[in-house]
Amino acid sequence: MEAEALMKTAARSGMVSCHYCATLWKEVKAHDRCGRCGAALHSRRPDSLNRTWALVIAACIMYIPANVLPIMTTVSLFEEQQDTIMSGIIYFWASGSWILAIIVFIASFLVPLFKLAVLILLLIMTQRHSDWRLLQRTKLYRLVEVTGRWSMLDVFVVTLLAGLVQIKGFATVHAEAGIAAFAAVVVLTMLASLSFDPRLMWDAAEPESGKAA
Amino acid sequence: MQEVPDLIACEECDAIHRRIAMDNNEVAFCNCCGAELERDMSSLGRRVLPLTVASLFMYVIANIFPIVEMELQGIASRTTLIGAVFSLNSQGMPLVAFLVLVTTILFPLMQLLGLIYLFASITRSGYHPGFNLLARMIQILRPWVMMEVFLLGAIVAFVKLTSMATVLPGVALWALGTLAILLASIFSFNPRYIWQISLPEREERKHV
Chain G
28 MEAEALMKTA ARSGMVSCHY CATLWKEVKA HDRCGRCGAA LHSRRPDSLN RTWALVIAAC
88 IMYIPANVLP IMTTVSLFEE QQDTIMSGII YFWASGSWIL AIIVFIASFL VPLFKLAVLI
148 LLLIMTQRHS DWRLLQRTKL YRLVEVTGRW SMLDVFVVTL LAGLVQIKGF ATVHAEAGIA
208 AFAAVVVLTM LASLSFDPRL MWDAAEPESG KAA
Chain W
17 MQEVPDLIAC EECDAIHRRI AMDNNEVAFC NCCGAELERD MSSLGRRVLP LTVASLFMYV
77 IANIFPIVEM ELQGIASRTT LIGAVFSLNS QGMPLVAFLV LVTTILFPLM QLLGLIYLFA
137 SITRSGYHPG FNLLARMIQI LRPWVMMEVF LLGAIVAFVK LTSMATVLPG VALWALGTLA
197 ILLASIFSFN PRYIWQISLP EREERKHV
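Each protein sequence line maps, in turn, to chains G and W. Counting from 28, one number per residue, gives the positions in the first sequence under the numbering used here. Counting from 17, one number per residue, gives the positions in the second sequence under the numbering used here.
Honestly, the hints are just simulated from the structure, not real lab data. Remember, predicted model here, so these are calculated numbers, not experimental data. Warning: the hint list may mix true and false statements.
[Stated by the list, open to error] Quick look at which bits of chain W chain G covers, simulated, 3 or more residues with Cβ under 8 Å:
1) 88-98
2) 146-154
3) 179-191
Backbone N, C-alpha and C fix where the C-beta goes; we use that ideal spot for every residue, glycine too.
Extracted from the complex, chain G is given alone in its bound form (with noise of 0.2 Å):
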């Protein structure tokens, strides 16, 4: 933060850093490629803070029913059961097993949601060209792009179980529309934080910023 004033860079000094290879070029004209990798060269990430608004928004439709539709049934021979996100961790926390049932509420539960808040709150004090905590917003960012793979936890927990448990009569188990909705909010989110740019939150608190983008 004591380096806002002083700081330089590359889009400033007229320069641009290749995504890929992370070598810089300056002088660069629209539609050039990067020299070495091939790659197309863009000072920002294209339309980014678009790209992600629409994803995020998608991600929070997608979520409603990822939370409420079951995930899968299991028909045993007595009784039929059907499964949420939620039930899932429940059952894990009432037969004893704490461990796994906070792994999976950290995956299941807690990342997403802390993905969605997280992203929406870069989207909106970027838009509103805040310098707020911008050292923690970006350590933000860097975390939730690191933790939102997690969240793929359950659908492969689904897949393995409705692989395996396919005995006819004693038990089956199916996978239900909710896992459906529940992929889809993990690779929403991955992929909004993948087109969200963090040097635009730098750009955004510059005092002279207008629209660096």
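Assemble chain W onto chain G, guided by the hints.
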């Protein structure tokens, strides 16, 4: 368009820094936002190829053998990774099945084969078709290779089943565990440094 070889821009805040010569295993961080700027990859770079070949073996085992076997009322049931994907597909979930297929089977394989090709060609001079394209592909696929998440998922599914039937871990589960560890050490190598390693010989060959 002109290269600026002695400077580097931070990927997360765009601050410009001077590139410095780095010693073995040294890492440079951005003093503005704390992101990693550069890392010396010379020692890890030498290890990537053998690690990748070992991963490929584990990958084959993890895919051929069953992951979990269960027994209920004298009836045994087992599933391989691809078997679970097919069964999900037949239950009317083609998109989810496809997602599992790419994140646990297709992308890891592409990643491993791509790395073997890249590292085998770095040590040779000459023309290497598709070098740049593959190196970029590896970088794009990286967040979508979810072997370690799948391993955790298999463990959770395993524990879930113990209350219902007799379950045995399959050979593939052990292979998955080894594969997850191997992949973690391979992925600590950021694919972006492939170009750095291949740079000294850049003059004598042309990548496409």
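Results of checking the hints against the structure:
Here the segment 88-98 of chain W counts 6 residues with a CB under 8 Å from a CB of chain G, which clears the bar of 3, and the coverage holds. Check on the segment 146-154 of chain W: 4 of its residues sit with their Cβ under 8 Å from a Cβ of chain G, so the three-residue criterion for coverage holds. As drawn, the segment 179-191 of chain W meets chain G at 3 residues by the rule of a beta-carbon pair under 8 Å; at three or more, the given contact holds.
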